[in-house]
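**Q** Single-letter residue listing:
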Amino acid sequence: MSAADAERIAARSAEVGRVRRAERLALLRRNKAFIVGVAILFVWLVCVAFGDLIAPYAVNEMDFEATSMPPSAAHWFGTDSLGQDVLSRVIVGARLIIVMSFSATALGTVVGASLGLLAGYFKGRFDIALMRVLEAISAIPVIIVALLAIAALGGASPVITIAVIGFVFAPNIARTVRAATLGEAEMEYVAAARLRAERTPHIVFKEILPNVMPPLIVEFTIRLGYAIFAVATLSFLGAGVESGSPDWGSQVAETWSLIFANVWWPTAFPALAIASLAVSINLISDALLEAFES
Amino acid sequence: MLTYFLKRLGLSVVTIFLVACIVFFMTRILPGNLAMRYLGKGATPEQIVAWNSDNGFDRPLLVQFGDWVGTTLQGDLGTSLQYETPVSEILLPAIGYSARLAGLAFLIIVPVGIAGGVYSAMRRATWIDRFITVGGLSAAVIPEFVWAVVLLLVFGVALPWFPVTAFPDSESPGFLAGVYHLILPSIALLLVLFGYVARITRAGVIEALESDYVRTAIMKGLTRRRAVTRHVLRNALLPTIAVIASQVPYLVGGLVSVEIVFAYPGFGSALLAAVGARDYSMLQSAVMVTSLVIVAFQLAADMLFAALNPRIRHKVTA
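Just so you know, the protein sequences line up as chains A and B, in that order. All the letters of the first sequence, read from the start, carry residue numbers 24 to 317 under my numbering. All the letters of the second sequence, read from the start, carry residue numbers 707 to 1024 under my numbering.
If we strip away everything but chain A, and leave its shape as in the complex, we get (with noise of 0.2 Å):
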C-alpha cells in the first residue's frame, strides 16, 4: 500500500461517515421518542442555567406562617414543613444533580475510553490485566462503592461523588470502546497510518478514535441516564451532596416520611423531577441507538 492508497482510502472513508450521519440524522428527527426526551432535557437545562431567575421565592426562603401548605395559586407546588417553596427548591435543584451526572460520566468516559482504546489496541497481556481489574470493579454495585468512598474519606460531597461514579462506570465504558477498537484496529485505515510512521497516540487518538465515537456516544448517554440515578440515590441515602443543598434526592430524603399525614407534595415532586429527567435521557439513548444500529 503506498501512501496515495491511503490518502484514498481516508478520504472514502470521510464520505462515507458523511452521508452516514446524515442518515442518521433525519432518523433522529422523526423519532417522535426522541423529540420529548430532548423537549424534557431541554427544560430541565433551562433551568440549569437560569434557575434562580425563573424560580419565584429564594430556595432557603422560609415563611413559618406558612408550612407544609398544599399547592394553591401562591405556591404552585405548595410549601415543605420549613416553608420553603417546593415549586422553587425543584427548579434550582435541577441544577446539583444534572452538572453532577453529566461531569461523572464525562469522566468516566474519558478514563474508561482512553483504558478501552489502549486495551483495544495493544491487546495481549495488559489488555487482560485490565479486563480482570475492571471486572472486579463491575462486581460491586456503584450505591456500595459510593457509599464506602464515602465511610472512608469521611462525608458526603458532590466531588467525591462524581469522582466514585466517574471511576465505577469507567470500566463499562471501556469495554465498549474496546469491542470496538478490536474491530477498528486491523481496518486498512490503521495499517496505512502505520505506513506513515505515525506514533502510536497519533494512531488510537486521531484515527482510531473518531470511528469509535458512535457507540461512545450511545454509551455515554447510556451512562448518562446510569449517573442520574446513581446521584439521586446517593443524594436519598444522605451520601451524595452536603444536607440543605437545593437537590431532588435530599429533598425526597428530607420529607418523605411526611406522606403518612398526607403531605405528599415535598416529596412528590421532587420524585416526579428525577422521574422525568431520568427517562428523556433514556428516550434519548435508545433512539441514538436504534438511529446508530440501522
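All clues given are correct.
Partial pick of chain B residues on the chain A-facing surface, computed with a CB cut under 10 Å: (1) 717; (2) 727; (3) 732; (4) 845; (5) 967; (6) 982; (7) 986; (8) 990.
Label pairs and their calculated CB-CB ranges: (9) 775/B with 129/A: 32 to 38 Å; (10) 210/A with 860/B: 52 to 58 Å; (11) 782/B with 99/A: 55 to 61 Å; (12) 236/A with 860/B: 40 to 46 Å.
Because the hints were derived from the structure by calculation, they are not lab data. The C-beta atom is built at its ideal place from N, Cα and C for all residues, glycine as well.
Fit chain B to the known structure of chain A by using the hints.
**A** Chain B alone, transformed into the frame defined by chain A:
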C-alpha cells in the same frame, strides 16, 4: 464442561481477590485518620494509639491485609466496631431478610419479564409492544427509592391496600402475612428490572421467529404458539439468563434504598447504619459478601448458559 467450569471458577476467585484488594485499600486510603474519624475530633493521642492497637490498626498495612484475608477465609468476618459483637451475628440475619425480599422480587420478575418479552415479540410493532419496550425501559431508569415512595404514597397511604412497612408487627407472622408485607417493596425492586428482562427476551424471540428452523416448523403445520413454546423459547432464553445475572448487582444496590423506605431490617439497612457509624469492619465484610453473591450468580449464569448451549458444551469437552 468440567474444564470450562474450573476455568470460570478460577477467574471468579481472581475477581473476588481483586475486590478484596479494592475494598481493603479503599477503607485505608488515609490510614492514620481511621481512629480519628471513628473516635471523633476530640480524641486524645493516647486514645488513638490505644484504639489502633486494640483493633490491630498499628500493624503494617500488608500484615493487616493478609490477616484480614486469612480470617475471612476461615469464615470469621471480624468484630463490628460499632456494636463490638461479631459482624456475622448482625450481618447474617440481615442478609437472610434481604434474601427473602430479593428472592420474592426475583420470583416475580423472571416469569413476568419473560412473558412480557414474548408477548411483545408476538405483537411486534403494535401499541402494546411499544408500551412494554419503551415503558419497561423508562420504568427501569427511575431509581428504586422514587418508585418506593410513589408506591407507598399511592398504595399505602392514598389507597391503603398494602402495609407501609415491610416487616410484620407480630412476632411470628404467618407465611402469607410476610409475603403480603413484602409485595410493595418487591414491586419497587422489580420495576427497575422488568424492562431489561422483557427487552432481551423480545429480541431473542424475534430472532428465533425469523430463523429457518422456526419457519420450517410453521410450514410443517405447527401453530405460531406451539412453535414459540417448543422451539423459540429454548433458544431465546439464553441471552435472557445472562441479562438476569447481570442485573443482580443492581438488585443488591437497590435493596439499600428500598429497605430504608419500607423500614426493613435487611442487609441494606445494616450497610447504611455501618456507613453512618464508620464501622469499617462491618463495611468490608458487607461489601465482600455482596460481591461474593454477585460473582456466584455470574458463575451460575455462565454455567447454565453453557449447559443449555450445545455450541459451548461440545466445544469445551472436545
